[in-house]
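Asker: Chains A, B and C, in that order, are what the protein sequence lines are. Positions 0 to 102 (numbering that gives the first Met the number 0) are the ones given, in order, by the first sequence. Positions 0 to 931 (numbering that gives the first Met the number 0) are the ones given, in order, by the second sequence. Positions 0 to 156 (numbering that gives the first Met the number 0) are the ones given, in order, by the third sequence.
Just so you know, the hints here were simulated from the structure itself, not pulled from any lab data. Computed from a predicted structure; not experimentally measured. A portion of the hints provided could be inaccurate.
To be verified - For the chain A half of the interface with chain C, some residues (derived, Cβ under 7 angstroms), not all of them:
no., residue
1, E4
2, M8
3, Q62
4, Q66
As the list claims (entries may be wrong) - Coverage of chain C stretches by chain A, computed from C-beta distances (three or more under 8 angstroms per stretch; other residues unrestricted):
no., stretch
5, 7-18
6, 62-69
7, 129-140
8, 144-150
Unchecked claim - Think about it this way: if two alpha-carbon atoms lie no more than 20 angstroms apart in a straight line, the pair counts; the simulated EDC-like pairs of lysine to aspartate or glutamate are:
no., chain 1, residue 1, chain 2, residue 2
9, A, K89, B, E72
10, A, K46, B, E903
11, B, K148, A, E4
12, B, K78, A, E4
13, A, K73, A, D99
14, B, K224, B, E922
15, C, K122, C, D76
16, B, K581, B, E451
17, A, K73, C, E10
18, B, K78, A, E47
19, A, K5, C, E10
20, B, K442, B, E336
21, A, K46, A, E87
22, B, K148, A, E94
23, B, K148, A, E87
24, C, K45, A, D99
25, B, K140, A, E92
26, A, K46, C, D56
27, B, K831, B, E865
28, A, K73, C, D76
From the three backbone atoms N, C-alpha and C, an ideal C-beta is built for every residue, glycine too.
Each chain, letter by letter, is given below.
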Amino acid sequence: MEMNEKGQMILIFAAAVVVIILSLSYIYTQNIIAGIESSRAMLAFPKEEIRNLCELSVNVNDQILQQVRILCAKNGWVCNYGPAYRVEFKNAEVEYDAHDCRR
Amino acid sequence: MPMIVEDRKGVSLLVEYLILMGIISVFVVLMSLQLHETLAESQISRVMVNHFTDVVSQISAVYTDYILLLPSEGQIVTKVSMMPEVGDRYYYLNLSLHDGVAYVSAFSHNIRTYAGLGYNKFLSSKGTIEIGVSGEVISSKERSEIVYKKEETCPFVPKIRLSFNPASAEFGNTTNMIIGFENQNEITKPVSWRVTLWNGTGIPGNQSYYVSSIKLTDISGCLQKENNPNDYLCIASAYAWISEIDNCSSSVNQTLLVSTKPVESNPYLVYEKWVEPSNVSRGEKFHVYLRLEGRGFFVEGVANLSVVHVIDVSGSMIWPTIFKNFSLNVNPNVIREEINLTQNGKLEIYAYTTSRLPSWYNSSMCKCSGTGCPSGYDSSLIRLYLNGQEVGSAYTSGSAVGKIYTNNNAQAGNYTIEVVAAAPEQIDITLRVVFRNNEILNKTVPYLNRQEVSFELPSGVSYKFLAISGIQYLPNWDMNYRNVAKEWSSSNPIESYTVSGQERYWDYRWRQCGDRTNTFQQGSLNVWLILPYGSKEFLMKGENQPWYQGWNNYGTNGINADAFIVNPSPGEYKFVVVPTTKNPTTFTATALIKRIDAAKLAGITFNSMLGEKDFVGIANFSTDGKRIAVNSSPLRFMTTDKSYVNSIINQQRAELATDHADGLYYGSRIFPIWNEAGNNCTDCIAGTRPLIIMLTDGEPTICNLGANYYGCNLCNQDCSGGSWCEPCKNQALCIANYLKNATINDFNISICTIGFSTDIGGRGQQFLREMASPRPDTGEPCYFFATTSEELVEAYRTIFNAFQIAAKRIIVRESLNVSVASPFEFLGAEVKSNKGTPVSMNVEVESNRTVITLNISSIQKDEVIELVVTLKVKDDVPTGTHHDVNIDNDSFIEYTALDNRGNELDRVRLPLTSDRDRIRIEEGDQPEIIIR
Amino acid sequence: MDLKAQTFTLEGVAASLLILIATYTIFQSTVVMSPSWSEFNNIQLKQLGYDILRVLDNPEGGNSSLRGFIDNLTCSDGRYFAPAEFSSNLSAILDSLHTSGRVELIWVNESRIETAVLSNFSKIPTPNTVRVSRFVVSSNDCLPNAMVVEVRLTLWR
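Put together the whole structure using the sequences plus the hints.
Answerer: Given below as structure tokens:
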């Protein structure tokens with residue numbers, strides 16, 4: 000009887016392909032990079048803008064306040080500050096409202 | 000059809016085939032059902048871990064930003080973005096605290112990710128901050144947030160202060176009640192207060208400073224003193240709070256002494272002890288106050304003084320002494336401009352003014368005529384600097400005067416132009432730069448370059464002269480004399496008199512201008528002296544020497560002065576100092592007057608401190624002592640009319656040698672107690688306390704041979720009058736001892752000595768110290784040394800204050816509940832008297848308490864001594880508890896009380912108790928960070 | 000009997016099952032896809048930008064400070080020039096960080112918002128940039144009616 004290995008070869012290679020595909024799919028899931036949200040949070044939190052407003056709130060002048068409000072609105076923020084370290088700041092992520100913004 | 004295949008062994012292959020297929024298919028089905036789970040699970044778990052880490056890091060980043068901002072009062076809301084589900088599974092996000100460390104975690108089933116956020120406690124200047132961390136959300140929530148919240152119940156505590164002026168008043172009179180706040184700069188919200196008087200009257204208000212007059216007709220509720228039923232101690236209390244919060248309060252008490260008979264009233268020591276603020280949180284600082292105040296009636300009705308001024312009028316009192324020293328750092332006002340030349344070319348710089356200052360620069364101000372002295376305004380008064388070097392030549396064009404600089408081939412580059420002008424009044428300066436015939440800068444600015452130093456010559460004394468010497472950097476006249484003998488003017492007399500055939504005079508003269516052409520050289524300072532009625536003198540040197548010379552004929556102490564004013568009027572004198580260059584310099588000057596004028600000033604100042612019922616007498620001494628009659632029999636030498644005595648003081652003049660023994664003897668004979676005809680009336684000065692103040696500027700040089708004063712007969716040797724005379728010293732000390740033991744109105748005669756000059760050597764000062772009696776407040780000898788007029792006035796003031804005490808030898812023991820086991824920590828203690836009395840403080844830390852001991856020699860009737868102890872609440876104290884700061888049974892004040900005549904009474908011990916030294920430890924406002 | 004056919008069938012069945020399982024796995028397992036976001040190096044740049052602005056906003060800085068630079072701003076023909084001191088300082092900072100920058104000033108002129116670009120710092124940025132801004136209280140005739148100016152710094156590498 001002649002031995003024909005063609006089928007067995009097909010099987011072996013099919014098995015190999017399957018294993019490769021399975022492991023690739025396993026590795027592919029590693030592609031999700033942790034750190035997207037945390038770095039996005041760091042970029043989005045307006046810490047410096049709030050500090051800037053806290054420093055400006057020492058001297059309140061109505062005209063300056065109005066111009067600051069307009070400039071903030073252009074950047075997509077809602078800003079307000081009042082006498083004696085009162086600051087309000089709002090953007091898509093954060094709402095900050097302090098009666099005394101000092102540490 | 001063949002039969003079903005059969006094996007030789009008889010097993011049916013088909014059936015075997017079916018069996019195998021069946022088994023395999025069962026396994027396959029089971030496996031495939033399981034496989035989904037298994038394969039998906041491993042990938043999902045990996046994804047979940049990654050996503051959880053991501054969300055947790057996001058929370059950590061926002062938490063960190065919150066800590067960096069940490070507003071004292073406010074709220075921050077940040078959206079948390081997270082996937083609603085991972086692998087079809089929901090998960091939870093949780094913020095919690097374990098062992099003082101805050102954690103954020105995300106978890107779902109068996110997968111959990113943690114991130115530590117650090118300790119939740121921080122130390123800040125306001126105390127310990129402990130952040131409350133909590134909250135949990137499910138991922139499918141539509142909007143999750145992380146929120147920071149801090150509310151402050153008390154933004155500040157208003158520290159109210161209540162005082163009465165006068166603090167000791169007679170029944171039926173009025174006193175002013177003054178309300179103020181110690182921390183006015185912290186008060187950002189309206190504050191209300193209420194004062195409750197001793198009789199229950201309530202006075203409400205909300206002003207930050209309030210004065211009201213209270214008539215003392217109702218003293219119900221006051222504490223009557225047992226040993227003196229005329230005296231009442233009335234306590235008023237003030238309470239303040241923040242109006243809109245109706246909380247955050249503080250209170251303080253104040254004691255008023257009211258007497259129905261101030262003449263017989265004793266002085267008292269009152270104290271007040273309280274804690275501020277009384278509600279504190281852990282780690283926060285607070286203050287414990289102990290305030291000691293003297294109470295008593297001065298001068299009116301209590302031991303008045305009978306003062307005898309014994310003034311040395313020896314020849315050396317004619318000499319000058321320093322009235323005041325002046326020193327000022329002079330920083331010129333420099334106009335500075337930068338220009339940048341991008342190529343080479345002709346550069347012209349003009350700096351000029353069109354203003355004139357005729358009242359400051361004119362020919363009469365110049366003193367002499369000649370070249371260089373500016374009149375009106377002159378280009379020499381403007382200086383132009385280019386890159387730090389002075390450049391330019393005089394420039395005049397129409398009404399403009401100033402400086403011009405021309406450089407026909409200026410190189411490209413940056414140039415700094417500076418302009419300085421000697422302008423004592425405001426002028427306009429124009430700076431103009433023309434480059435390559437194009438004007439690139441043209442600026443006119445208002446300009447002033449002046450500084451002032453002023454001083455006051457007090458009224459009451461007819462000063463003979465006021466001389467100013469020691470000024471540097473003044474401009475100078477270089478004189479050109481045809482006849483050198485004409486350098487100085489002739490001598491001008493200031494005063495002249497004869498005493499015992501010997502002439503005494505002060506003369507002065509000033510520089511003469513040269514009769515040929517003189518040259519004026521600029522100095523780096525232009526100084527004008529402005530006299531009280533507005534006239535001004537432009538000060539300058541002549542031949543590099545001071546312009547004026549003054550001298551007297553008693554020795555070599557003459558004066559070389561830059562300004563010399565004869566018979567100066569009292570009032571404000573001012574130096575106007577104007578720098579002429581751009582470099583900073585120093586202005587120094589010394590003002591001089593006659594020694595005897597300084598003594599007159601000090602004596603008159605002392606008399607102004609005395610009250611209506613005090614008596615004053617005056618004796619002077621040089622070779623002999625002499626009493627001066629100021630009144631009529633039977634009290635010839637003392638009077639309550641201070642102005643008459645002041646006019647006598649004003650007439651004193653310097654004479655001959657110095658005999659202290661004679662001065663002391665005749666000074667003591669002013670008192671009408673020696674059975675002398677015409678001066679015999681002890682009752683006239685009844686109830687007063689005798690005091691002799693001897694002012695001398697030198698050492699004893701002569702003695703009254705053979706004189707027998709009060710049994711003292713030690714003047715047995717002749718002294719020449721030119722040097723130290725030992726018999727005179729012995730005689731004076733013998734007389735002093737006799738006097739110190741003599742009594743008038745049951746008071747021993749007090750002798751205070753003041754040495755005034757720079758000439759008194761060690762043994763002269765020792766002599767004066769031995770002559771003096773002990774001071775009533777400190778027990779030290781009543782001896783003072785002064786070199787300038789200011790110090791002399793201060794010495795008289797100290798003598799006056801020494802006789803106004805309320806209590807002596809005060810010991811304060813304050814025992815505080817501060818130790819290793821107590822809830823408080825000691826940070827510091829400070830004690831201060833409003834009269835500058837030195838107070839010694841000792842802090843001893845013991846195992847179960849801390850003891851602060853104060854030692855004060857005396858407290859005056861209107862003196863306030865305040866001890867402020869700063870303590871801190873420890874971090875681990877349980878909240879909601881009360882603690883007393885003071886250990887009542889171990890704290891006391893001990894002092895020697897005085898009666899209304901200043902005599903010592905018994906030693907008194909008052910326990911130091913207070914019901915307002917209680918601290919409440921509260922939660923404190925802590926911030927919260929939560930997830931919701 | 001010929002077993003070849005049966006074995007062959009078995010092998011075929013097994014092979015097809017394997018491939019079926021593999022395909023099934025690939026298409027059924029939930030693989031979470033998130034949009035890739037490669038802006039992490041920009042976080043550092045953004046923080047640097049904030050730091051640069053904060054350091055420059057120093058009241059003692061004279062012409063170099065943000066306030067001094069706006070006070071002494073000069074303009075002509077629609078071009079805006081900062082004082083030399085400020086420009087050289089900022090250029091030095093940017094060079095040391097190997098970044099390029101663009102400085103714009105934004106202010107309110109009555110009811111309009113106007114923008115001005117600083118001459119030395121006017122390069123067009125690449126698409127991948129970071130923008131930071133700071134409010135400075137100052138005014139200058141070159142910026143009419145401005146009482147507060149937003150200084151916007153755009154950085155890229």
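Asker: State for each hint whether it applies.
Answerer: Against the structure, the hints:
1. E4: 11 angstroms, violated
2. M8: Since chain C brings no Cβ nearer than about 11 angstroms to M8 (chain A), farther than 7 angstroms, the hint is violated.
3. Q62: 5 angstroms, holds
4. Q66: With a closest approach of 4 angstroms, the Q66 (chain A) hint holds.
5. 7-18: holds (count 7)
6. 62-69: Our answer is that it is violated, as 0 residues pass the Cβ test (under 8 angstroms) against chain A, missing three.
7. 129-140: holds (count 5)
8. 144-150: holds (count 4)
9. A:K89 to B:E72: Distance ~17 angstroms between K89 (chain A) and E72 (chain B) Cα, so the pair holds.
10. A:K46 to B:E903: Violated. K46 (chain A) to E903 (chain B) sits at ~70 angstroms, over the 20 angstroms cutoff.
11. B:K148 to A:E4: This hinted pair is violated, its Cα atoms lying about 75 angstroms apart.
12. B:K78 to A:E4: 63 angstroms, violated
13. A:K73 to A:D99: The hint is violated at about 26 angstroms.
14. B:K224 to B:E922: 44 angstroms, violated
15. C:K122 to C:D76: Roughly 18 angstroms separates the two Cα atoms, so the pair holds.
16. B:K581 to B:E451: Given that 20 angstroms is the threshold and the Cα spacing comes to 18 angstroms, the pair holds.
17. A:K73 to C:E10: 70 angstroms, violated
18. B:K78 to A:E47: Roughly 18 angstroms between the alpha carbons, so the hint for K78 (chain B) and E47 (chain A) holds.
19. A:K5 to C:E10: 11 angstroms, holds
20. B:K442 to B:E336: Holds, because 10 angstroms separates the two Cα atoms, which is no more than 20 angstroms.
21. A:K46 to A:E87: 13 angstroms, holds
22. B:K148 to A:E94: At roughly 12 angstroms apart (the allowed maximum being 20 angstroms), E94 (chain A) and K148 (chain B) satisfy the hint.
23. B:K148 to A:E87: 14 angstroms, holds
24. C:K45 to A:D99: At roughly 27 angstroms apart (the allowed maximum being 20 angstroms), D99 (chain A) and K45 (chain C) break the hint.
25. B:K140 to A:E92: With Cα atoms ~16 angstroms apart, K140 (chain B) and E92 (chain A) stay inside 20 angstroms; holds.
26. A:K46 to C:D56: 16 angstroms, holds
27. B:K831 to B:E865: 5 angstroms, holds
28. A:K73 to C:D76: Violated. K73 (chain A) to D76 (chain C) sits at ~26 angstroms, over the 20 angstroms cutoff.
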